[in-house]
Amino acid sequence: MLTLKKISKKLGDFHINDIDLEISEGTYYVLLGRSGSGKTQLLELIAGLNRPDSGEIWLDSEDITKKRIQDRSIGLVFQDYAIFPNMTVFGNIAYSISSGRVDRTIVKERVRKVATDLNISHLLGRSTHHLSGGELQRVALARTLITSPRLLLLDEPMASIDASLKDDIKRLLRRLNSQGLTIIHVTHDYREAVSLATMVGVIHNGRIIQEGKPDDVFRKPVNKFVARYSGIRNFFRVEFKNENGEWKAVCNDKLIFNLSENSYPREGLLILRSDDIQISHKMPSFTTGNCFKGIVREILPSEYGMEIAVDAGETFYVDISANTFKQHPLSELSEVWISFSPEAGIALPGNN
Amino acid sequence: MNRYGPFNWILLLLSSMVLLFLVAPLLGLFIHTGVSEFFETANDKEVQESIWLTVWVSFLATFFFAIAAVPFAWLLARKSFPLKSVVQGIIDLPVVLPHTAAGIALLGFISRDGLLGKAASTVGLNLVNNPAGIALAMAFVSLPFLINSARDGFAAVPERLEKAALNLGASRSRVFFTISLPLAWRSIITGFVMMFARGMSEFGAVVIIAYHPMIAPVLIYDRFSSFGLSYARPAAVLFIVVALVVFTILRLLSERRKPIVTKSENADS
Numbered sequence: 001m002l003t004l005k006k007i008s009k010k011l012g013d014f015h016i017n018d019i020d021l022e023i024s025e026g027t028y029y030v031l032l033g034r035s036g037s038g039k040t041q042l043l044e045l046i047a048g049l050n051r052p053d054s055g056e057i058w059l060d061s062e063d064i065t066k067k068r069i070q071d072r073s074i075g076l077v078f079q080d081y082a083i084f085p086n087m088t089v090f091g092n093i094a095y096s097i098s099s100g101r102v103d104r105t106i107v108k109e110r111v112r113k114v115a116t117d118l119n120i121s122h123l124l125g126r127s128t129h130h131l132s133g134g135e136l137q138r139v140a141l142a143r144t145l146i147t148s149p150r151l152l153l154l155d156e157p158m159a160s161i162d163a164s165l166k167d168d169i170k171r172l173l174r175r176l177n178s179q180g181l182t183i184i185h186v187t188h189d190y191r192e193a194v195s196l197a198t199m200v201g202v203i204h205n206g207r208i209i210q211e212g213k214p215d216d217v218f219r220k221p222v223n224k225f226v227a228r229y230s231g232i233r234n235f236f237r238v239e240f241k242n243e244n245g246e247w248k249a250v251c252n253d254k255l256i257f258n259l260s261e262n263s264y265p266r267e268g269l270l271i272l273r274s275d276d277i278q279i280s281h282k283m284p285s286f287t288t289g290n291c292f293k294g295i296v297r298e299i300l301p302s303e304y305g306m307e308i309a310v311d312a313g314e315t316f317y318v319d320i321s322a323n324t325f326k327q328h329p330l331s332e333l334s335e336v337w338i339s340f341s342p343e344a345g346i347a348l349p350g351n352n
Numbered sequence: 001m002n003r004y005g006p007f008n009w010i011l012l013l014l015s016s017m018v019l020l021f022l023v024a025p026l027l028g029l030f031i032h033t034g035v036s037e038f039f040e041t042a043n044d045k046e047v048q049e050s051i052w053l054t055v056w057v058s059f060l061a062t063f064f065f066a067i068a069a070v071p072f073a074w075l076l077a078r079k080s081f082p083l084k085s086v087v088q089g090i091i092d093l094p095v096v097l098p099h100t101a102a103g104i105a106l107l108g109f110i111s112r113d114g115l116l117g118k119a120a121s122t123v124g125l126n127l128v129n130n131p132a133g134i135a136l137a138m139a140f141v142s143l144p145f146l147i148n149s150a151r152d153g154f155a156a157v158p159e160r161l162e163k164a165a166l167n168l169g170a171s172r173s174r175v176f177f178t179i180s181l182p183l184a185w186r187s188i189i190t191g192f193v194m195m196f197a198r199g200m201s202e203f204g205a206v207v208i209i210a211y212h213p214m215i216a217p218v219l220i221y222d223r224f225s226s227f228g229l230s231y232a233r234p235a236a237v238l239f240i241v242v243a244l245v246v247f248t249i250l251r252l253l254s255e256r257r258k259p260i261v262t263k264s265e266n267a268d269s
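For the protein sequence lines, the chains are A and B, in the order given.
Heads up, the first sequence is in my numbering, so the first residue is 1 and it goes up one at a time.
Heads up, the second sequence is in my numbering, so the first residue is 1 and it goes up one at a time.
One chain only, chain B, in its complex shape (with noise of 0.2 Å):
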């Protein structure tokens, strides 16, 4: 006898399409993909030094970025304000803005002309074509994710144990650091990854801000415009490799941590 119905086979059908479809070009680029083209990519200069590139400023953005968006967050968790939904509509902007469009906005803001772009030629540094403007580029577009998140892990903490905190004579300052900041370190860390991962990513807002120096979605899109598929190909593998081993080292240590417990989780003895 059949154990499952016809609505769960449809559900399986459905399930394993979208997954296929997920799966599908990735294991194709895998596959077309030789061993010798992979190993030759890996050793070429420009690659080893574009996935670099992509990877620290990446991290950069989102360490430097975290220090003011994770405060922000807890504000955002936490307190009531005029035209609180106005701000967190322009927190989510940048999720639904085309990323080219958020490129052109944010040349207007760091080019020689633009404000930002006026306060760092003052000490010499131009954004543009720069490291320190692709960061800026990668941030912009991939913010939502952190703050999102670590809003949503202070939301889950019990603000009674922040109160419990202020009530045993510790500062605003000292709660959070020791009560909101550890508890919400899951949320946190996964809106950091998930921030990180977004900027590493991102093609749109980088190619208007910097195309030199070349971040690796740029130079795989270099190579598959000047000399066709088969030469981007390896490049991109290589480049979902480093970007899975990073991602999954991460995740790692963010799920080492336990989730929030306030009660005794034994009956009473």
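Chain A extracted, bound-state conformation (with noise of 0.2 Å):
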């Protein structure tokens, strides 16, 4: 288990504050935040590339903070891969293990092993000076597992590469997380951590400001920050009333939302997913406890299918399949009915 306690860094104007962190054996733990907001200056506290102002990291019931890089046994994958250009891609991956200690039979066997595994064998005699992103950063990975790390580190994997290997990648990593290898990946892109963590950490200006499983995290944003890192855009300024005790939320005193909860703040926001909102050419004829007429006033391609905004008072963003699209076509300007279920309306107390 890894275990931070009250981590405090000053990097210049940056401050990392008084970070608190449980990661148990077999997470796979995905720190999400914006570039600058402190998440791979945490990773690098975590492999010792830098040390602690003030508190401690602990590995498995010891206290690591003041180890040497090479003496932790935690492997680090960096952003850009540092991959050492004065080496074949075989003399990358066995670097760690052919210092001369090794017999140089079994680190050809370990380098082939962990080769075809990550499925390079084929680049293992050539320089890495024409490698893909992809390529390259199998080439960094099997340079890491190769030491049989404690714990592995990923500083934005995906940021370089295309999008057609992501998945590949992403299930190589789940592949090594069922193994049992404990993975901190860090990324500013939270449909990763949809697709891989078991844990979330929300990372910003060096402060972790929520945590969770991804469902509690991105069900229930504790904020507007973590709202929008969630990828929800819809965002409405309401009064939240209990009429006959039915709670409903008052938006520009224009749009009533029907509620689900037994409590809710006196004003706050009140956010929607775009895939948790029903749109329909008609009204629908059993609705959920909300629907309003709108209108449609754009729409774009979206990595779902598309994305409608309709104008039903207030702008709703609305995620539909491509091939519900191509089944009910919609066109700009033309008259939608919009609807979603009391349950599907999270709320967010006070101005954040």
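No lab work stands behind these hints: they were computed from the structure.
All residues carry an ideal CB built from backbone N, CA and C; glycine is no exception.
There's no promise every hint is true.
Pairs of lysine-lysine, DSSO-like flavour, derived with a Cα cap of 27 Å [stated by the list, open to error]:
no., chain 1, residue 1, chain 2, residue 2
1, B, K79, A, K10
2, A, K67, A, K10
3, A, K10, B, K84
4, A, K224, A, K248
Derived coverage of chain B by chain A (criterion: at least 3 residues anywhere in the stretch with Cβ under 8 Å from a Cβ of chain A; other residues may be distant) [unchecked claim]:
no., stretch
5, 154-164
6, 179-187
Each of the two chains sits in its own frame; use the hints to bring them together as a complex.
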């Protein structure tokens, strides 16, 4: 288990502040944050590239705060891979075990095994100069995995690779994690967290502002920042009112949303995930509580299919699949109905 | 229509003048040296010995000082320490000192009364008028070239590569020899060639430490002051030819290495 206790570090004008973190063995922990949020700095502190100003880092009941980088057994894959350009792919992968203490035949065997696992055995004799981003990343992973690290740290592993390769890398990382390897993966892309994480932490300005299982974090973000980070685009400033025991949210005296929880703050934000909203040409015969007529203002392709902006007094962003769009085409300025269940609305109290 | 504006013509003129200034004296030297005089001098044992002495003493001075200077350059590139800028200033000092003054300063250090001279004399070595003293004089004035070039070379090696190697469990010394040194090699070789070249051409400091045995620059000066220009010229030409051949070979060797590339040159695929 990795435990960070009140870790602080000043780096120029930037601070990492009192970070407490517990990551149990076998966890795939995704640390989400914008660039400059402190996520890479935190990884470097865990790996030992930098020392914290205060706080402690424990790994499996051992205080490693002052342990040297080379003695930590924590593998770090750098964002730009940090492949040694003066060595071949084989030389890079064999680097940690080829200092003379391990028999040459064993070195070759181990390199071949890890290269086969990562599907790069055909690259072993090659120079690293003309490898693609995906190949470089696999070499960097192989070079780290051959050390059998107790913990694997990945700094933006998907940042420099083509979208078509991301699924392969994700499958590979999932497999490594399912074999028991604890992974900490930092990224700015919440979709990586959704598809990989067993635990998620959101870091902002050097602080972890929310942590938990992906579903909890993305379904119940603690503030607008985390909500935005989870891909939510529908934010409505509302007043929450209890009418005859039923909670409603009133937005600009124009829209009234039916809600499902038992208690709400006086005012705040009501947020809705784009994929929780249904859209149709006709008024739905069976509505689940919230139904509004609106006009399509914009249709944009998105990674899910299409993103439709509907003006129903306020702008709602609705995601529909490409197939649905094909079957029920929409055009700009057409009249539509949008609906969503009372459970879909998430309340964020205050002015955040 | 004129393809070049007046500014480009002025640039071309000024550049040509500078080039001509550099090339003309050397060209004159070669033109005024007859082929027979050249080969006669090339067969002169004293000249041969002098050039050989210059080459090997400068090479050994560079080689042995590089053993300490290269790690020192890494330290300057990677570490921050108090008074670092003062240390950097001290390294550059020999470049700005008049070389005869440097020779006199060094003489005080290596003569029998000096600190190093006393130590050397305990093992029966007199550094004055000795190739070892010449090597020290050459190194004193030329070390900045090696240190500064190697320091720049180490600074250009991404520190992440060293940290990645440490993260893979390598010791500091292994990282130095397998990552830092091979990646900074080109700059180190350039510095080595510069120091070697500067050492070979040194006159002012060496002539104070050792008139004899004569290195080539001292021999050329000796022939010029004793017998005149025409007698010194073939020796000068021969020395220039030898120096050019040696430096060209070393340059070619150093340029065979590729620059540092850490990321893919290709688009992701």
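Next item on the list: Three residues minimum, CB to CB under 8 Å: does the stretch 154-164 of chain B make the cut for coverage by chain A? Let me know.
Entry: This one holds; 5 residues, not fewer than the three required, reach chain A with a Cβ under 8 Å.
Check: How does the coverage statement for the stretch 179-187 of chain B fare against chain A, requiring three or more residues with Cβ below 8 Å from a Cβ of that chain?
Finding: With 3 residues in contact (Cβ-Cβ under 8 Å with chain A), the coverage given for the stretch 179-187 of chain B holds.
Margin query: With the threshold set at 27 Å, check whether the alpha-carbon distance from A/K10 to B/K84 stays at or below it.
Written below: With Cα atoms ~23 Å apart, A/K10 and B/K84 stay inside 27 Å; holds.
Notebook entry, point to check: Are the Cα positions of A/K224 and A/K248 separated by 27 Å at most?
Noted result: holds (20 Å)
Next item on the list: Below or equal to 27 Å on CA atoms is what counts here, so check B/K79 against A/K10.
Entry: holds (19 Å)
Next item on the list: Decide if the proposed pair is consistent with the structure: A/K67 and A/K10, CA atoms, cutoff 27 Å inclusive.
Entry: holds (20 Å)
Checked against the numbered hints above, the structure breaks none of them.
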